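Colleague: Sequence:
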Amino acid sequence: MHRCDLHLLIDSRSLGCAAEGPHLHVIRRQNTNGAWSKSRKPWVMPVDFLVVQSADQHALERHEILGEAGSDFLLVNLFRPPYGHPVSPEAIGELCEALSTRAGLGRRVGPRICRHAMAINVVDAGGTLDEVQALLGQKSPESPRPYLHPARSGLRAAIERVPSLRELNEVGPR
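Numbering (the numbering used here), first residue to last: 1 to 174.
No lab work stands behind these hints: they were computed from the structure. These numbers were taken from a predicted model, which means no experiment stands behind them. Among the hints, erroneous ones may be present.
Stated by the list, open to error - What follows is a list of derived Cβ distance ranges for each label pair: (1) L50 to V26: 25 to 33 Å; (2) A91 to V26: 16 to 24 Å; (3) P150 to F79: 36 to 44 Å; (4) P89 to H63: 18 to 26 Å; (5) N169 to L50: 47 to 55 Å; (6) R112 to N169: 42 to 50 Å; (7) L8 to C114: 48 to 56 Å; (8) I10 to R40: 26 to 34 Å; (9) V109 to I159: 36 to 44 Å; (10) E160 to R29: 42 to 50 Å; (11) I159 to M118: 25 to 33 Å.
Note that beta-carbon positions come from the ideal geometry of N, C-alpha and C, so glycine has one too.
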C-alpha cells in the first residue's frame, strides 16, 4: 500500500476520489516488500476512526524519525533497519506476535485472525454476508463463511428468538 492509497478525509472529492468517508484503495501491484493483494480487481475498503487515529500516529512518528525521507509506502520501518523502507509481511507477523505476547493473550494473533475478528465484528453489529464479502475484497459470496464463528451469546440469542411451543399455544387456538 502506498500513502496515496489512503484517503482519511470525510469528503475526498478534492483529491479526485468519489469514495465516501475515510477509506483505503486496495490495488494489486508488485511491491518491493513482497506484499500484494490477492484480489486482481482494485477495491475500496472503508476505515473507521481507530484506523484514522493509528495512521495519524504513524505519520507523526514517521516524520519525527525520518523527516521527509523514506518511501511512498504507507507503512515503513521506524523501529528497526532498514529505516524508512516498506514493512515486509514477515515484519507485520512478528509485530502481531510481539503484541499478542505483550497483551498476554496466550496465543499468537496474526493478520489472518484480525480479518476473522473484523468479519465477526461486522456480523455481530448487524452486517450481512455480502457486506463482509465486500469489506474483505472477496469475489465469491461463499468466501466470508470461513471467517464467521458464532459467539455462544449469539447462539443463545438465536434460540431465544424462536417462540417456544408454550408461547405458540398461549397465542394460538386451543
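Colleague: Can the suggested window of 48 to 56 Å be confirmed for the beta-carbon pair L8 and C114?
Modeller: With Cβ atoms ~20 Å apart, the hint is violated.
Colleague: Is 47 to 55 Å respected by the C-beta to C-beta distance linking N169 and L50?
Modeller: Because 49 Å falls inside the window, the suggested range holds.
Colleague: Taking 25 to 33 Å as the hint, is the beta-carbon distance of L50 and V26 inside that range?
Modeller: 18 Å Cβ-Cβ, so the 25 to 33 Å window is violated.
Colleague: Does the beta carbon distance between I159 and M118 stay inside 25 to 33 Å, or does it fall outside?
Modeller: Holds, since I159 and M118 (Cβ atoms, about 26 Å apart) stay within the stated range.
Colleague: Given a hint of 36 to 44 Å, does the C-beta separation of P150 and F79 actually sit inside it?
Modeller: Since the Cβ atoms of P150 and F79 sit about 38 Å apart, the hinted range of 36 to 44 Å holds.
Colleague: Holds or violated: the 26 to 34 Å window for the beta-carbon distance between I10 and R40?
Modeller: For R40 against I10, whose Cβ atoms are near 30 Å apart, the range 26 to 34 Å holds.
Colleague: Quick one: are A91 and V26 within 16 to 24 Å, going by C-beta?
Modeller: Once the Cβ atoms are compared, 19 Å apart, the range 16 to 24 Å for V26 and A91 holds.
Colleague: Is 42 to 50 Å respected by the C-beta to C-beta distance linking E160 and R29?
Modeller: For E160 and R29 the Cβ distance comes to about 48 Å; the hint holds.
Colleague: Taking 36 to 44 Å as the hint, is the beta-carbon distance of V109 and I159 inside that range?
Modeller: 30 Å, violated
Colleague: Does the Cβ pair R112, N169 satisfy 42 to 50 Å?
Modeller: At 48 Å between Cβs, range holds.
Colleague: Using the Cβ atoms, figure out if P89 sits within 18 to 26 Å of H63.
Modeller: 24 Å, holds
Checked against the numbered hints above, the structure violates hints 1, 7 and 9; every other hint is satisfied.
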